[in-house]
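K.L.:
Next come the chains, spelled out residue by residue.
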Amino acid sequence: MEQAQLSIDGILKSMAQHAVNAHELTKKASDILLEPLNTAISETPYEIVYQEDRVKLKHYKPSGPARLGKPLLMVYALINRETMLDLQPGRSVVQTLLDNGIEIYMIDWGYPTRKDRFLTIDDHVNGYMDNIVDFILERHEIPDLNLMGICMGGTFSVMYAALHPEKVHSLITTVTPTNFDTKQGLLHVWMKKMDIDRIIDAYGNMSGDALNAIFLLLNPARLMIDKYVGFAENMDKKEFVENFIRMEKWIFDSPDVPGETFRQFVKDCYQKNLLIKNEMELDGKRVDLRNLTMPVLNFYGKYDHLVPPESCEVLTSAVTSDDTEDVCLETGHIGIYVSSRCQQKFAPKIAEWLKERDTNRTKATDLIPNKVKTTQTAKRKRPAANSQAAS
Amino acid sequence: MDEQQTEQNGTASMMSAWMKSVTDSWNTMGQMWLVASKTMTESDTPTNGNGSDPLGLMGSFLKSWSGFASTLSAPDSIQSGMNGVGSNLESILQLTQTRVENYLDLQRAWMEKLGKTQDGAKSYNMKNMNQDFFKNWHDLYETEIKQYLNIPQLGLMRFHQERGNQAIDKFNSLQSVLAEFTFLVCQPIEKSIKNLQDRLAGMADEGTLVEDTREYYRLWIKILEDQYMQLFASNDYTETLSKTLVCLAEFTSAKDEVLEAILSNLPIPNQKEMDELYRELYLLKKKVKKLEQAKN
Chain A
1 MEQAQLSIDG
11 ILKSMAQHAV
21 NAHELTKKAS
31 DILLEPLNTA
41 ISETPYEIVY
51 QEDRVKLKHY
61 KPSGPARLGK
71 PLLMVYALIN
81 RETMLDLQPG
91 RSVVQTLLDN
101 GIEIYMIDWG
111 YPTRKDRFLT
121 IDDHVNGYMD
131 NIVDFILERH
141 EIPDLNLMGI
151 CMGGTFSVMY
161 AALHPEKVHS
171 LITTVTPTNF
181 DTKQGLLHVW
191 MKKMDIDRII
201 DAYGNMSGDA
211 LNAIFLLLNP
221 ARLMIDKYVG
231 FAENMDKKEF
241 VENFIRMEKW
251 IFDSPDVPGE
261 TFRQFVKDCY
271 QKNLLIKNEM
281 ELDGKRVDLR
291 NLTMPVLNFY
301 GKYDHLVPPE
311 SCEVLTSAVT
321 SDDTEDVCLE
331 TGHIGIYVSS
341 RCQQKFAPKI
351 AEWLKERDTN
361 RTKATDLIPN
371 KVKTTQTAKR
381 KRPAANSQAA
391 S
Chain B
392 MDEQQTEQNG
402 TASMMSAWMK
412 SVTDSWNTMG
422 QMWLVASKTM
432 TESDTPTNGN
442 GSDPLGLMGS
452 FLKSWSGFAS
462 TLSAPDSIQS
472 GMNGVGSNLE
482 SILQLTQTRV
492 ENYLDLQRAW
502 MEKLGKTQDG
512 AKSYNMKNMN
522 QDFFKNWHDL
532 YETEIKQYLN
542 IPQLGLMRFH
552 QERGNQAIDK
562 FNSLQSVLAE
572 FTFLVCQPIE
582 KSIKNLQDRL
592 AGMADEGTLV
602 EDTREYYRLW
612 IKILEDQYMQ
622 LFASNDYTET
632 LSKTLVCLAE
642 FTSAKDEVLE
652 AILSNLPIPN
662 QKEMDELYRE
672 LYLLKKKVKK
682 LEQAKN
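Here the protein sequences come in this chain order: A and B. Using the working numbering, read the first sequence as starting at 1 and increasing by one per residue. Using the working numbering, read the second sequence as starting at 392 and increasing by one per residue.
By construction, these hints were calculated from the structure, which means they are not laboratory data. One should not assume that every hint holds.
Selected chain A positions facing chain B (in silico; Cβ < 10 Å) [to be verified]:
hint : residue
1    : 12
2    : 183
3    : 186
4    : 189
5    : 193
6    : 194
7    : 195
8    : 199
9    : 201
10   : 203
11   : 219
12   : 225
13   : 226
Even glycine gets a Cβ: it sits at the ideal position worked out from N, Cα and C.
So that you can see chain A by itself, here it is in the shape it has in the complex (with noise of 0.2 Å):
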């Protein structure tokens, strides 16, 4: 077989070539970076609700009426922000379930400083949500609501809903890590050799930049040289720069983690993987999954290297629930919920499935006023819990 001739020439014109179009995409490019750009993220109207410390309670409502008996909270993980379930408009998760007449609360979870370093797991899981959950419960009259966790949100989701099954209608996990004995995750190898107690002791909360640091170290060819080369070649685009900088703004958009709550995390949950096993305790209460009796949708990402497959995939199986879905998108942790492609699976998925286990409608007159700005939460006397979300 005769070998290709490779001509120097053909190598020279290809990058005379680059060079030039390498110059266009600069000019264009500079034209772009010093004009306006619409980078905002998190554009559908809210509005707060409920206050508790940081944490805030938003409420989006459908532009039309409700299609569901109970609405929906959705509980965001402490890394990063929620901001990501409402990117922009055309890939925003709550948009999508609000056009299918969903209506959404959702934590915000705000920044901790160091005087949150001392909360724990049981002071969000029993302490913020569950005030949050008696609060919407109140305000709608219902015995129960439906609660979608995403990442560790999804974690303290699953945890409240073994805590307090009764105020729970049905729950759904997304890319939501439960079983932690797996190699197949970087950050799973990582964490079991890791001495956390050194680290809050000498920090006090988990630093946001430090998070932001170890989650670029995990794949530093892509996430710090190719992501930026990628850039480079489509910054003549308006639109891509645009979408960029909105994932830009999230990404490093990074909270810190209180201490105590990413101490317990790390000791109980990725070094000794007590959740799975049902022996977690919050605050003495021992967290068991077998009393997650309601319907459970579980969506994980097939090629996410942050909270692999196998992280997700058993709690389905933990849970004696007869009414559960496993769902497997072929896509990473967070293009579950920006791809475009995963925009048609995903949340028309989620809005599909509510409605399917849909009971009685909300009294939209009866609703009790904001409490924004308390310190003071009231438990309610709740209505007698409904049989079907108690069997």
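Once you've looked at the hints, dock chain B against the given chain A.
P.N.:
Here is chain B on its own, set in the frame of chain A:
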């Protein structure tokens, strides 16, 4: 014996004469100083005896020194000193010998320590630098150098000195571990470039080289990604990462202690005090919530 005695007597008289001339010169100087000081003080404004008199003090000192010198220059004193030289020679020799031996012992200990640092000198060869270089340096620091920073301090400032030493110690540990971590993280870049070059050579042999330079970039990125994945899954990396984070945390704690000691001199609360306050607030809030729940 007579000759020795004659020699000693001759030396003693020379010494005596010399001491006498020294004493006389001091006496003369002292007298001149006293006259000068009297002249100066007479022209000054009277002080009613309450002011200090440095010139007078100087004069008194010279007077007492000249008296002392006169005593020394007396032949009897000089004779007894000369007689004592012989018997004190042994003591002087012993003193000198002990000091020299002590010095030699110290020097021997230093040489031994230095010798230990030269063990495994091959691993310090920059030409064949690998992870062992950093590990050995870290071990050397831990075994040979760190101990000096852990010597207990004495005196009023001992706690501050110890804190400072600890901060220095942790800083040194952090530097060595950080260097190892950085070296490790840079390894895939070096390997990927070498790997790429080998691949390009192979492609050239097969005649499959392409003209689009972007393809070579994509190939390199893929190789680099694979190298990093291999590294990150290794035990070496996990342990080094863990060690680095621990050293960083330890240095931060040690540094914070030094800063807090400095800040304690200022009228502001420090981080420890604020943390105690936060903890109390947190526990109080929990108590209040429990009480509210019990009440309802």
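K.L.:
Is the interface hint for residue 183 of chain A satisfied, with its Cβ closer than 10 Å to some Cβ of chain B?
P.N.:
8 Å, holds
K.L.:
Verify the interface restraint on residue 194 of chain A: the C-beta must sit less than 10 Å from at least one C-beta of chain B.
P.N.:
This hint holds: residue 194 of chain A lies near chain B, its Cβ roughly 6 Å from the closest one there, short of 10 Å.
K.L.:
Does residue 189 of chain A hold up as a contact with chain B if the rule is Cβ-Cβ below 10 Å?
P.N.:
The hint holds - residue 189 of chain A has a Cβ within 10 Å of chain B, the shortest such distance being about 6 Å.
K.L.:
Do the numbers back the hint for residue 199 of chain A, that is, is its least Cβ distance to chain B under 10 Å?
P.N.:
5 Å, holds
K.L.:
Do the numbers back the hint for residue 203 of chain A, that is, is its least Cβ distance to chain B under 10 Å?
P.N.:
7 Å, holds
K.L.:
Would the hint on residue 226 of chain A stand, with a C-beta cut-off of 10 Å toward chain B?
P.N.:
Check passed: Cβ of residue 226 of chain A comes within 5 Å of chain B, closer than 10 Å.
K.L.:
Should the interface hint for residue 12 of chain A be scored as holding, given a Cβ-Cβ cut-off of 10 Å against chain B?
P.N.:
9 Å, holds
K.L.:
Holds or violated: is the Cβ of residue 225 of chain A closer than 10 Å to a Cβ in chain B?
P.N.:
For residue 225 of chain A, the interface hint holds, since the closest Cβ of chain B sits about 7 Å away, which is under 10 Å.
K.L.:
Answer holds if the nearest beta-carbon of chain B is closer than 10 Å to that of residue 201 of chain A; otherwise answer violated.
P.N.:
7 Å, holds
K.L.:
Closer than 10 Å between Cβ atoms is the bar; does residue 193 of chain A clear it against chain B? Give me holds or violated.
P.N.:
5 Å, holds
K.L.:
Would the hint on residue 186 of chain A stand, with a C-beta cut-off of 10 Å toward chain B?
P.N.:
Hint on residue 186 of chain A: holds, closest Cβ of chain B at ~5 Å, below 10 Å.
K.L.:
Answer holds if the nearest beta-carbon of chain B is closer than 10 Å to that of residue 219 of chain A; otherwise answer violated.
P.N.:
7 Å, holds
Hint violations for this structure: none, all hints satisfied.
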